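K.L.:
Chain by chain, the residues:
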Amino acid sequence: NAGVTQTPKFQVLKTGQSMTLQCAQDMNHNSMYWYRQDPGMGLRLIYYSASEGTTDKGEVPNGYNVSRLNKREFSLRLESAAPSQTSVYFCASLDRATGELFFGEGSRLTVL
Amino acid sequence: LAKTTQPISMDSYEGQEVNITCSHNNIATNDYITWYQQFPSQGPRFIIQGYKTKVTNEVASLFIPADRKSSTLSLPRVSLSDTAVYYCLVGSYGGSQGNLIFGKGTKLSVKP
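For the protein sequence lines, the chains are A and B, in the order given. Position 83 of the first sequence, counting from 1, maps to 83 under our numbering, and the rest follow consecutively. Just remember that our numbering sits 112 ahead of the position in the second sequence, which is counted from 1.
In short, the hints are calculated from the structure, not lab data. In this text, all values refer to a predicted model and were calculated from it rather than measured experimentally. Just so you know, not all the hints are guaranteed correct.
Think about it this way: if two alpha-carbon atoms lie no more than 25 Å apart in a straight line, the pair counts; the simulated DSS-like pairs of lysine-lysine are [unchecked claim]:
{"#": "1", "chain 1": "A", "residue 1": "Lys71", "chain 2": "A", "residue 2": "Lys57"}
{"#": "2", "chain 1": "A", "residue 1": "Lys57", "chain 2": "B", "residue 2": "Lys115"}
{"#": "3", "chain 1": "A", "residue 1": "Lys57", "chain 2": "A", "residue 2": "Lys9"}
{"#": "4", "chain 1": "B", "residue 1": "Lys216", "chain 2": "B", "residue 2": "Lys181"}
{"#": "5", "chain 1": "A", "residue 1": "Lys9", "chain 2": "B", "residue 2": "Lys216"}
{"#": "6", "chain 1": "B", "residue 1": "Lys115", "chain 2": "B", "residue 2": "Lys216"}
{"#": "7", "chain 1": "B", "residue 1": "Lys219", "chain 2": "B", "residue 2": "Lys181"}
{"#": "8", "chain 1": "B", "residue 1": "Lys216", "chain 2": "A", "residue 2": "Lys57"}
{"#": "9", "chain 1": "B", "residue 1": "Lys166", "chain 2": "B", "residue 2": "Lys115"}
The following residues of chain A were derived to be distant from chain B, with all beta-carbon distances above 12 Å [unchecked claim]:
{"#": "10", "residue": "Thr7"}
{"#": "11", "residue": "Gln11"}
{"#": "12", "residue": "Val12"}
{"#": "13", "residue": "Leu13"}
{"#": "14", "residue": "Thr20"}
{"#": "15", "residue": "Ala24"}
{"#": "16", "residue": "Asn62"}
{"#": "17", "residue": "Ser67"}
{"#": "18", "residue": "Asn70"}
{"#": "19", "residue": "Arg72"}
{"#": "20", "residue": "Ser75"}
{"#": "21", "residue": "Ser80"}
{"#": "22", "residue": "Ala82"}
Here a beta-carbon is modelled for each residue, glycine too, at the ideal position from N, C-alpha and C.
Assemble the whole structure, with the sequences as input and the hints as a guide.
P.N.:
If you want it as structure tokens, here you go:
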């Protein structure tokens, strides 16, 4: 039972480069989320997807794009990475029946 | 969206009971209150959830007064392994509602 799987776990980028963070869940959940967590700080919502085919902005969407490819997968793309996007990124999916969020292990991104 | 306020940090000693209070003055009728625990370099994990009065599970209790404008997470007899950041999350989970915003969390340090 994998739960929420994120790839890659670590990534170093140069300013201006692009990359995509992948997230997949095997729990048949409708809602999925992307959060970022800066060192010593709380989680901030970037984007979320309430169901397949829909996405909505969270607190800090600037500089990011998302794709809900299917019910399982929700990807986060940085088109032109900036040092301010250095952070740990967490993907989560929501069990609506219980209200419990299930988180992945995180993707640690450094932008030089 | 219900905004939450928690103490930034708390200290305790092993074997003591710890109570962490969260303020959520504009909680909506359909909102539930959920608490998460996060260890360094890991995603948050669910601890307990409630709507009103008191909820208890094998690791914690959650007290919610009648006006629901605050909630208190109670951890009985803490140990060193309870050192973590605790987040209070308020939101509804049905339908298309999905904008789940975390507060800044409370860093609990348990000392021997």
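K.L.:
Does each hint fit the structure? Answer for all of them.
P.N.:
Evaluation of the provided hints:
1. A/Lys71 / A/Lys57: holds, 18 Å
2. A/Lys57 / B/Lys115: The hint holds at about 17 Å.
3. A/Lys57 / A/Lys9: holds, 24 Å
4. B/Lys216 / B/Lys181: holds, 18 Å
5. A/Lys9 / B/Lys216: Judged against 25 Å, a Cα distance of about 24 Å means the pair holds.
6. B/Lys115 / B/Lys216: OK: B/Lys115 and B/Lys216 at ~10 Å, within 25 Å.
7. B/Lys219 / B/Lys181: holds, 22 Å
8. B/Lys216 / A/Lys57: Holds, at about 20 Å.
9. B/Lys166 / B/Lys115: holds, 21 Å
10. Thr7: Non-interface label on A/Thr7 holds, nearest chain B Cβ at 14 Å vs cutoff 12 Å.
11. Gln11: Non-interface label on A/Gln11 holds, nearest chain B Cβ at 16 Å vs cutoff 12 Å.
12. Val12: Non-interface label stands for A/Val12: nearest chain B Cβ at 17 Å, farther than 12 Å.
13. Leu13: Answer for A/Leu13: holds, closest chain B Cβ roughly 20 Å.
14. Thr20: Fine: 19 Å to the nearest Cβ keeps A/Thr20 off the interface.
15. Ala24: The claim holds: A/Ala24 sits with its nearest Cβ about 15 Å from chain B, beyond 12 Å.
16. Asn62: holds, 16 Å
17. Ser67: holds, 16 Å
18. Asn70: Its Cβ never comes within 12 Å of chain B, the nearest being 17 Å, so this holds.
19. Arg72: holds, 17 Å
20. Ser75: holds, 17 Å
21. Ser80: holds, 26 Å
22. Ala82: holds, 23 Å
Consistency note: the structure conflicts with none of the earlier hints.
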